Every structure is written in C-alpha cells, then in structure tokens.
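**Q** Heads up: the sequence lines are chains A and B, in that order. Sequential numbering from 1 applies to the first sequence in the numbering used here. Sequential numbering from 1 applies to the second sequence in the numbering used here.
Any given hint might turn out to be false.
[To be verified] Where chain B lies over chain A, by a calculated footprint (3+ residues, C-beta under 8 angstroms):
hint, stretch
1, 29–43
2, 52–58
[Stated by the list, open to error] Chain A side only, calculated, beta carbon under 8 angstroms to chain B, not exhaustive:
hint, residue
3, W47
4, G61
5, L74
6, M77
[Unchecked claim] Restraint ranges, calculated between C-beta atoms of paired labels, are given here:
hint, chain 1, residue 1, chain 2, residue 2, range
7, B, A309, A, G49, 16 to 24 angstroms
8, B, V317, A, S16, 28 to 36 angstroms
9, B, R2, A, P76, 44 to 52 angstroms
Since the hints were derived computationally from the structure, they do not count as laboratory data. Since we're looking at a predicted model, the values are computed, not measured. Even glycine gets a Cβ: it sits at the ideal position worked out from N, Cα and C.
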Amino acid sequence: MFTISRTLPITLKPKSLHVVPDASRCMQCGICSFNCPAGIDVRAYAWRGLPVDDSACLTCGECVRRCPRRGLQLEPMKLPGKNKA
Amino acid sequence: MRRYVIVGSGVAGLSAAESIRQQDPGGNLTIVGDDPHGYYSRPGLAYYLNRTIPEQQLFPRPASELHQLIPNRIHGRVTHILSEQHEIILAGGRHLAYDRLLLATGSRPAPADFPGNELHGIVTLFTLEDVRCIHKLVKQGKTAVVVGGGIIAVELAEGLAAHGVQVHYFLRGDRFWAKVLDETESRLVEQGLEHMGIQLHHRTQVAQTLSSRGVLTGIVTKTGKTLPCRLLGVAIGVVPQVELAEQAGLAIDRGILVDEYLASSAEDVFAAGDVARVRDPLTGGTWLETLWPTARRQGQIAGSNMAGAHIVCTREVPCNTVRIGDIITTTMGALEQRGDAGILTVATNGRASGQVVRPAWEVAHDDRTNRVRILVGERAIVGAVVMGDQTITQPLFQMIRTETDISPIRPMLVTRPESGIEMIAAFYQQTQNIHVHT
C-alpha cells in the first residue's frame, strides 16, 4: 500500500504542474505563504530554491499571482529520468 | 570546538549561520544583534506598511527553528572588537571570545540634509520599528511629504498613500530615478504614482522643517514654499555601519575592506552584506552592493569560509526586481553605460512576448504597462530594464551574465526593435538547445 501511494502522483499525473521559485527574486516577504489557501509555507521552498513539494498544493496559482516580484512560476513537473542525456 | 560569533542579525548574518551549521555542525555559534526583533524580511516591510501582510508574516522562521540553528542569540550592541585577543565587548561590559568573527552590521539610512531631522513625525522605512511608528502616525496626520529618489522613498510614498494619507513626493531632479531609468520609464512610474493619488513635485527640496514642541508641523521648500504636514518620510540612501570595525583598526574605505574570500584586514575577522567592500582580484578595484540577494550570497560565502572553505566572492551582474508605481520592474546589468560609445538602446512597448502562444496553465498577470529596454554592446547585451510582463527577464539576464555573442541577431535587433523581444527569445532558445546537445 505504502509503495503504491508513493508512486501514484507520478504514474497518474505525469504532466502535473508545480510551483517553481526563482530564489534570486525572493525577498522572503511571505505574501505567498500568507495567501496560500492550503496553508503551505511557499516562502520556505523559495528560500531553498526548491519547487513546492506538498501534496496539499492545489496549483491554484494564487502564490504566483500575488508575488510582488514575480518570483514564482507554475511549471510542468519533469518526469524522473526524463531530459537526461 | 570552534567558536563563531556573528555581529548582525540581518540576512547576511542568518545566511552565514546556515553555512556554518552545514559545514561545522558541532561549532559553537553565537549571533549578536541590536535589532530587538532579530531576523525578519526587511524588503517585506513595504508590504507590512501598506497592510498587504500582517506583522507576524515578516518573520520567515519560527522561533524554534531559529533556536535550533543558532542557540545563542544575544540582543545587544557590540561596543568593541579586541582583534588581538579574539574578543568582542558588548554594551554592559560582557566579553565574548571568538575563533572566527563575522561583521554583518549592515547599513543605516543616510541622515537628512536639512536641519531638524530629530523631530517627532520624521520617519524612514528601514526597520520594523519604523513601520510601527508610521502606523501610529498615520492615525494623527493626513498629509505627508516624502523625499528621496530611490526605491525605498517610493515604497514609503506608496505605503502612506495606501493609508489614505495625502502624499507629496519631492524629487530633486526632473524625473524619477534618472540614473537608471530612461525618460519614458520614469514617466510610467510617475503616472503610476499619480494614479495612487501621490502628488509629485519635481525639482523640489526641503530647506527646513517647522515644528511645535518637538513635533513636526510642516516643511519649507528651498524655493520658500510652506507645506503643513505631520509626517515627513526621508529615504535618501544608506551608509554602511563601519564604526565598530573602524574603532578596531580594520582597513576601511566606505565600507569594511575585505578580500575575495570576504576576510578583513584583521585575522579571523570577516565581513559580509551592506557593510562589506570587496576587492576584485581581476580588476584590482573594489565593490559594495546594498542589495538583499547580494547580502544573502555574501553571508553564505563568508560563513563557509569561516568554517574552512575557500570560496571566492565574485561580483555578479546586478539584477533587482521591484514594484514601483504598481509596475513590476527588473533592472539588470550596466545601465549606467547608456550613452557610452558602441552602446545602442533598443526599446519596445507592449507585452514582451505578445507573439508567443502561452500555455493554458500559465498564471495570467494583468499588466497595465509593458516595456522592455535593452542596451546592446558591440557583441553582447550589457543591460536591460523590463517593466510589466517579466517573461523575457530570465533569458535576458542569462545572456547578459554569460556575455552571449548576439552578432547573428544584432543588426535586426537594432533596425527592428519592435520585434526585438521575439528575436531574443528565439535566439536564446536556440543557444540553449545548442548548449544541451553539445
């Protein structure tokens, strides 16, 4: 069970989106986290320059829209193993 | 166990602490800062001022996380550095020994250049306490004057206007941020500010303040005009806080002089952020940048080097994104080269990638204004200003940073600026593909 549930997001939603930060634009103002309807601390991901990796993310784009420096984008997830030489 | 002491609780200090923890998890780490609120987002203050976010949102780290990162956090002022003894002295007399010391003391607002700048009602936008003070003052006074030609002054003016205050924004020159923006861009920002109800006064300076019992009641301009106001916002630049280092005998030149490893002239003492003037080993010159991302990067490098690494701090192409006059604006590269021989300016209005079909999932930004200006050198793009739609920002930045040879598209770029953005986007894509396949 555990293994299946872990693999589901990849196998069933191969082209899903995720929020990708541009760490160089993020000033840690926290507007993204404050406006996230799912209560995700988007800013913490932005500090580390990592895509938001949280099953609660609705990919609604609210954080992307609200960021005052356009430091977030919705991007298609890359499949593991793809884009490798 | 190595003892690390960081002076300054801003982003440079915090980043250094993270790097040290990573490289030397067992090290004894202490941070000393004179801001009672510790680490918070300074750039976020503008959004707290205009009530976009509540105060607690300024603090990116929960106290427990900060405690785990830096168990010893001291709120206090450092009065002396005894570099020979490897000790610092805090106000109150406490001595603290260090093996590695980081000075991340930052900068402070430059004082106003007119008499009477200690009055109640004169404010700036630099610390959390400044915003708390403004929030109290806007309840009392409904007219404000703001002076200063940069980003903080605009954020101050916009923040006050958001509270319903009638704002008079004084500009020394003919237009806003003339050093960086061209005339059209300045006007676009000014129009945006006027749209918010801010009244602009060009070629206007404060000569003196008026007061009653220590409280600001108005100002007099250099042309003799009197304007009653209860608030005067001043943001005319910043000065690095070098006093501590200076008193300790460290080499100073409009900042603490550090080498490419961010090491100062005193043994085991490093500096990072707004206070550090870094030597460039290639040119022999020095540079100091008061940008938040730069402070973060320098903090990371200084922390690593304090823990034993040898990372060189090179100057990156400056790139800054701000929202001014309600327009998202990114400035990058050497914009001051405008007018230099061999540099051509290409500007285009309209959505930056209007010809490009956007994917359905992309978040639509309703930009009122879109403009891109590019400074084109003999072989490469040297600088750019992107207002509104930011799609082209990353390709432009990468091309500036890597000095991409644009010879194949340069003639077209110069003769057909209206298609310039599409040309750059396509060319960038092409160079990326070549890069991937080779």
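**Q** Determine for every hint whether it applies to the structure shown.
**A** Verification of the hints:
Counting residues of the stretch 29–43 of chain A whose CB lies closer than 8 angstroms to any CB of chain B gives 6, so the stated coverage by that chain holds, three being the minimum. Only residues whose beta carbon comes within less than 8 angstroms of a beta carbon in chain B count, and the stretch 52–58 of chain A has 0; fewer than three means the coverage is violated. Here the hint on W47 (chain A) is kept, as its CB sits about 7 angstroms from the closest CB of chain B, short of 8 angstroms. Checking G61 (chain A) against chain B by beta carbon gives a least distance of about 4 angstroms; that is within 8 angstroms, so the hint holds.
For L74 (chain A), the shortest C-beta to C-beta distance to chain B is roughly 6 angstroms, which falls under 8 angstroms, so the interface hint holds. Violation of the interface hint for M77 (chain A) is found here, the shortest Cβ-Cβ separation to chain B being roughly 11 angstroms, above the 8 angstroms cut-off. In this structure, A309 (chain B) and G49 (chain A) meet the distance hint of 16 to 24 angstroms, their C-beta atoms being roughly 20 angstroms apart. In this structure the hint that V317 (chain B) and S16 (chain A) lie 28 to 36 angstroms apart at CB holds, the actual value being about 34 angstroms.
The hint said 44 to 52 angstroms for the Cβ distance between R2 (chain B) and P76 (chain A), and at roughly 45 angstroms that hint holds.
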